[in-house]
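A.B. asks: Spelled out, the chains give:
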Amino acid sequence: MFPELGQIALILALLLAVLLSVVPLVGSVTGRDNLQAFARPLASGMFVFIAMAFGLLTHAFLTDDFSVAYVANNSNSMLPWFYKFSAVWGGHEGSLLLWILMLSGWTMAVAIFSRRLPTVMISQVLSVLGMVSVGFLLFIIITSNPFDRLLPNVPADGADLNPLLQDIGLIMHPPMLYMGYVGFSVAFAFAIAALINGRLDAAWARWSRPWTTVAWAFLSIGIALGSWWAYYELGWGGWWFWDPVENASLLPWLSGTALMHSLAVTEKRGVFKSWTVLLAIVTFALSLLGTFLVRSGVLTSVHAFASDPERGKFLLMLLAITVIASLTLYAFRAPVVHVRARYGSLSREIFLLLNNVLLVSATLLVAIGTLYPLVLDYLEMGKLSIGEPFFNLTFSPLAVAAGLLLGAGIFSRWKKTDGGWLGRKLLWPLAVSILASTAVVIGYGGFKPWAFAGVFAAMWVTVATLWDLWDKSSSRKGRLHGLKRQSRSYWGMILGHLGLAMVMAGATVVSNYGIERDVRMTPGDVATVGDYQFVFTDIGERRGQNFTAQYGGFDVMLDGEKVAELHPEKRQYSVGMSVMTEADIDAGLFRDIFVAIGERLTEDAWAIRLQYKPLVRWLWLGALVMAIGGFLAISDKRYRIRDRADERVPQSTRPAGGVKGEAEALS
Amino acid sequence: MKRFLLFLPLLVALVLGVVLFAGIGKDPTKLESALIGKPVPKFTLADLHNPSATLDRSLFRGEISLLNVWGTWCPSCRDEHDDLMWLANDKGINIIGLNYKDKREDALVWLERLGDPYQTTIYDPKGILGFDLGVYGAPETFVIDAEGVVRYRHVGVVNPKVWEETLLPVIEEARGNS
Amino acid sequence: MMRFVLAALFALTAGLAQAEVAAVYDFDTREQEVRYQNLIAELRCPKCQNQNIADSNAPISQDMRNEVYEMMQAGASNEEIVDALVARFGEFVRYKPELDSRTFLLWATPAIAVFGGLLVVAGVVIRARRVERQAAGLSAEERARAEQILKGQDNTSDS
Numbered sequence: 001m002f003p004e005l006g007q008i009a010l011i012l013a014l015l016l017a018v019l020l021s022v023v024p025l026v027g028s029v030t031g032r033d034n035l036q037a038f039a040r041p042l043a044s045g046m047f048v049f050i051a052m053a054f055g056l057l058t059h060a061f062l063t064d065d066f067s068v069a070y071v072a073n074n075s076n077s078m079l080p081w082f083y084k085f086s087a088v089w090g091g092h093e094g095s096l097l098l099w100i101l102m103l104s105g106w107t108m109a110v111a112i113f114s115r116r117l118p119t120v121m122i123s124q125v126l127s128v129l130g131m132v133s134v135g136f137l138l139f140i141i142i143t144s145n146p147f148d149r150l151l152p153n154v155p156a157d158g159a160d161l162n163p164l165l166q167d168i169g170l171i172m173h174p175p176m177l178y179m180g181y182v183g184f185s186v187a188f189a190f191a192i193a194a195l196i197n198g199r200l201d202a203a204w205a206r207w208s209r210p211w212t213t214v215a216w217a218f219l220s221i222g223i224a225l226g227s228w229w230a231y232y233e234l235g236w237g238g239w240w241f242w243d244p245v246e247n248a249s250l251l252p253w254l255s256g257t258a259l260m261h262s263l264a265v266t267e268k269r270g271v272f273k274s275w276t277v278l279l280a281i282v283t284f285a286l287s288l289l290g291t292f293l294v295r296s297g298v299l300t301s302v303h304a305f306a307s308d309p310e311r312g313k314f315l316l317m318l319l320a321i322t323v324i325a326s327l328t329l330y331a332f333r334a335p336v337v338h339v340r341a342r343y344g345s346l347s348r349e350i351f352l353l354l355n356n357v358l359l360v361s362a363t364l365l366v367a368i369g370t371l372y373p374l375v376l377d378y379l380e381m382g383k384l385s386i387g388e389p390f391f392n393l394t395f396s397p398l399a400v401a402a403g404l405l406l407g408a409g410i411f412s413r414w415k416k417t418d419g420g421w422l423g424r425k426l427l428w429p430l431a432v433s434i435l436a437s438t439a440v441v442i443g444y445g446g447f448k449p450w451a452f453a454g455v456f457a458a459m460w461v462t463v464a465t466l467w468d469l470w471d472k473s474s475s476r477k478g479r480l481h482g483l484k485r486q487s488r489s490y491w492g493m494i495l496g497h498l499g500l501a502m503v504m505a506g507a508t509v510v511s512n513y514g515i516e517r518d519v520r521m522t523p524g525d526v527a528t529v530g531d532y533q534f535v536f537t538d539i540g541e542r543r544g545q546n547f548t549a550q551y552g553g554f555d556v557m558l559d560g561e562k563v564a565e566l567h568p569e570k571r572q573y574s575v576g577m578s579v580m581t582e583a584d585i586d587a588g589l590f591r592d593i594f595v596a597i598g599e600r601l602t603e604d605a606w607a608i609r610l611q612y613k614p615l616v617r618w619l620w621l622g623a624l625v626m627a628i629g630g631f632l633a634i635s636d637k638r639y640r641i642r643d644r645a646d647e648r649v650p651q652s653t654r655p656a657g658g659v660k661g662e663a664e665a666l667s
Numbered sequence: 001m002k003r004f005l006l007f008l009p010l011l012v013a014l015v016l017g018v019v020l021f022a023g024i025g026k027d028p029t030k031l032e033s034a035l036i037g038k039p040v041p042k043f044t045l046a047d048l049h050n051p052s053a054t055l056d057r058s059l060f061r062g063e064i065s066l067l068n069v070w071g072t073w074c075p076s077c078r079d080e081h082d083d084l085m086w087l088a089n090d091k092g093i094n095i096i097g098l099n100y101k102d103k104r105e106d107a108l109v110w111l112e113r114l115g116d117p118y119q120t121t122i123y124d125p126k127g128i129l130g131f132d133l134g135v136y137g138a139p140e141t142f143v144i145d146a147e148g149v150v151r152y153r154h155v156g157v158v159n160p161k162v163w164e165e166t167l168l169p170v171i172e173e174a175r176g177n178s
Numbered sequence: 001m002m003r004f005v006l007a008a009l010f011a012l013t014a015g016l017a018q019a020e021v022a023a024v025y026d027f028d029t030r031e032q033e034v035r036y037q038n039l040i041a042e043l044r045c046p047k048c049q050n051q052n053i054a055d056s057n058a059p060i061s062q063d064m065r066n067e068v069y070e071m072m073q074a075g076a077s078n079e080e081i082v083d084a085l086v087a088r089f090g091e092f093v094r095y096k097p098e099l100d101s102r103t104f105l106l107w108a109t110p111a112i113a114v115f116g117g118l119l120v121v122a123g124v125v126i127r128a129r130r131v132e133r134q135a136a137g138l139s140a141e142e143r144a145r146a147e148q149i150l151k152g153q154d155n156t157s158d159s
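Residue numbers (our numbering), protein chains in the order written: chain U, 1 to 667; chain E, 1 to 178; chain H, 1 to 159.
Among these hints, one or two may not hold up.
To be verified - Straight-line Cα separation of at most 20 Å, EDC-like style, residue types lysine to aspartate or glutamate; simulated pairs:
#  : chain 1 : residue 1 : chain 2 : residue 2
1  : E       : Lys26     : U       : Asp636
2  : U       : Lys448    : H       : Asp63
3  : U       : Lys313    : E       : Asp27
4  : E       : Lys126    : H       : Glu67
5  : E       : Lys30     : U       : Asp377
6  : E       : Lys126    : E       : Asp27
7  : E       : Lys38     : H       : Glu33
8  : U       : Lys383    : H       : Asp83
9  : E       : Lys38     : H       : Glu80
10 : E       : Lys38     : H       : Glu91
11 : U       : Lys448    : H       : Glu31
12 : E       : Lys126    : H       : Asp63
13 : H       : Lys47     : U       : Glu388
14 : E       : Lys26     : U       : Asp308
15 : E       : Lys42     : H       : Glu67
16 : H       : Lys47     : H       : Asp63
17 : E       : Lys161    : E       : Asp90
18 : H       : Lys96     : H       : Asp83
19 : U       : Lys562    : U       : Glu541
20 : U       : Lys383    : H       : Glu31
21 : E       : Lys42     : H       : Glu31
In case anyone wonders, no lab produced these hints; they're calculated from the structure.
One chain only, chain U, in its complex shape (with noise of 0.2 Å):
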């Protein structure tokens, strides 16, 4: 009884969407005020209903109710708990549901959070978020629903869920990155508002910054999660594969980069609009095509949900109607007025504006990556696959432009820099950023080009934050009050800086000098890896709640101290039969030792796979300092002021940043 009624709420769900879609937008454009009331309403209403259904399906996980199909092929009786309720998400038709909830969630938060927008304005937010919500349920219910029973044959128990995904990250991945995903709608709806009601200023762009900057956040931290957890659990202490699942989420993240940076010009200086809704279009588009490719089969993928045509078209058409209307509408309504903002060559507003540039074309060049496969199929041009090297020859370059335009930009002033005195603000940087990166790269192993390059775009920015840092917090009254009175606003870009470098750290000192050795072992041998010594202690056996397992003992050395014991384990499931191969990580900030067992090779040798990885943790570590820092920015007092005098009147297209002195807030 219970699914059915999960089943009624989500129907219940798609009608409040529908009202949401429509009611509020009519009575926007009409100026009746009582259908745009309807707006809140609807929303939690929505929202409240969809968490009925999600709770329902989790309530038949935990009560193991098999007759529930999506229940059956993804749980087990002998699951232990807290992976039954992360099963709810481990299939198809379950992690739609979570998107769906975290898109009402998202609608509900816009609509409580938004009570100092103007009417209109939070009316077609909503709409436009109750039409997206409207596309997903109709696609749930029609073609995925996860309350579909198996009845008659209730089978006795279920087909357990995949032993890879019976893990802590991978329960966190999903919904983070839903978050971010989901999270982008919302600059996507305000997008499309304004694209309706006209009102496109700098007061929209304050408004959809901290929505942006919150996406962006999650869509971070669930990157991270789901490297992190690649790492740990696949066994090859690879991070990154540029894999099309992989790609299609970096893909709303370096856009939706850009988008933020982007709106923090306009919000600024009422300047690129037009090219700021677009990259919110764009950015929430790019999300939806993510959802596409990981279920529709077109791409060959080790992430892939099980494919089904009929779901891949159904999908594609939601995607395909979302995509070609909010461009329609862009094509003919974005505005094509010059504003006549003047700034000058080295102004803050071209060093973003570059920003915008190398973060699209490093865009662009993963989509293509990921999607010229698809096309030469298509054009009968044969099979080709485009994969890590290319990448990585294609899209470090960039990544380390950015970092230097980075730490030049810092010191970039709105409307006019004067470059002389940027270029003499830059040399002490530059100088110690230099010798810091030779130090670095030649204690790590040798100096390498492209090992040099990474790390010195890292020093670079980091350098450049502090010293722009320590001129701003430069006070009268001491450098403590200069430090605290800086808004929280530039706090979240100095750590958002700070966690980008350091991922470019870590991803260069682990790419160039992180060691790897396949080995043949017995028990009692001795295997070098750099600096350290394995030592191979002993080999048995234990049992867990739902597997048995071979483990193994290592005894890692340094200097002849021993600095780890590892026990890396090979588990065979007891439902299901397959065999995980548990590496064990002895992690440290500044370097992971690694060690997993592979095969036994006769009697009493086995092949064991042996790491050393420098740095790995600042990928995933920077990445949390990133996200930390989107927090802190959007908590910053000028979104939390309650009534603003700007808002009342219709803005025009005057400059909002005056020049305020050496302290004033630049984020």
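Once you have looked at the hints, place chains E and H on chain U.
C.D. replies: Just chains E and H, lined up with the frame of chain U:
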């Protein structure tokens, strides 16, 4: 002009949509063979039924044949076996078998039990010829013309539909040319 | 044979596959070892769901790794090794697409995008400079007119 530029993203999206739509339902795991138009690679392997007899690529000269890669460990090979018998017996097609990464005894028992559609069967326990042919998973069936040149490679089971729509046209073309 | 069946079943049941070391190769020098690792990272398993032959344990993947090793030991260059595998399995197994008429657009895209973007930025900067000059120019012109009007008002007693 500026307004025209604003229509560009829409255009790109439409083109992309067409390509993506066309991609749905296609099987991305079916690869074209790199050997099309090239002769069967050199090999020296034993006959499955006659361990002392050596076979080489002259086996393929003289008449058009199908080269079927199979193994007793492959469930799909079992599925297509009856259709291969039909092709060999009813249609009179010359099928040469390549017993790939298998054990001789198991293969012989299998053919004994299920019937032998093959003119000759090459015994390739280490998969050497398979590797040189670019075989990546059984069952696979090659169309080889009378000069011993590879004309086509089909990945997956052979059934009447595959025969009619895929293999037969290639064979007719090969016949037409020679 | 059971191992094949199990391996096949495993490959079917697990959408994601784990890397497991199946055979260990011995190298004379560390450089050789790294060269081997780089080679197998750049070659794609023809059977798997987008994995290189370093990470995949499909039988064909193992065979390919073996071939790479054997050819390395026989003194072949990287190009010869990759070409040998492409000759058997097709361009598909190359993760770094060759630059030819088909892939020109692919390789050219980053450069085109960046230079195109730089041109746009240059255009923006030039336009901004023009606005600046016009504004300065106008105000000079306006100033001159204002002075004229003022002069006129001094001389004549217009209303």
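A.B. asks: State for each hint whether it applies.
C.D. replies: A quick look at each hint next to the structure:
1. Lys26(E) with Asp636(U): violated, 50 Å
2. Lys448(U) with Asp63(H): Not OK: Lys448(U) and Asp63(H) at ~33 Å, beyond 20 Å, violated.
3. Lys313(U) with Asp27(E): holds, 15 Å
4. Lys126(E) with Glu67(H): Cα-Cα ~13 Å, so holds.
5. Lys30(E) with Asp377(U): holds, 12 Å
6. Lys126(E) with Asp27(E): It is violated: about 29 Å lies between the C-alpha atoms, which goes past 20 Å.
7. Lys38(E) with Glu33(H): violated, 34 Å
8. Lys383(U) with Asp83(H): The hint holds at about 16 Å.
9. Lys38(E) with Glu80(H): OK: Lys38(E) and Glu80(H) at ~19 Å, within 20 Å.
10. Lys38(E) with Glu91(H): Roughly 16 Å separates the two Cα atoms, so the pair holds.
11. Lys448(U) with Glu31(H): holds, 15 Å
12. Lys126(E) with Asp63(H): The given pair, whose Cα atoms are some 9 Å apart, holds under the 20 Å limit.
13. Lys47(H) with Glu388(U): This hinted pair holds, its Cα atoms lying about 18 Å apart.
14. Lys26(E) with Asp308(U): Holds, because 11 Å separates the two Cα atoms, which is no more than 20 Å.
15. Lys42(E) with Glu67(H): holds, 17 Å
16. Lys47(H) with Asp63(H): holds, 12 Å
17. Lys161(E) with Asp90(E): Holds. Lys161(E) to Asp90(E) sits at ~16 Å (cutoff 20 Å).
18. Lys96(H) with Asp83(H): holds, 12 Å
19. Lys562(U) with Glu541(U): violated, 24 Å
20. Lys383(U) with Glu31(H): Violated, at about 33 Å.
21. Lys42(E) with Glu31(H): violated, 34 Å
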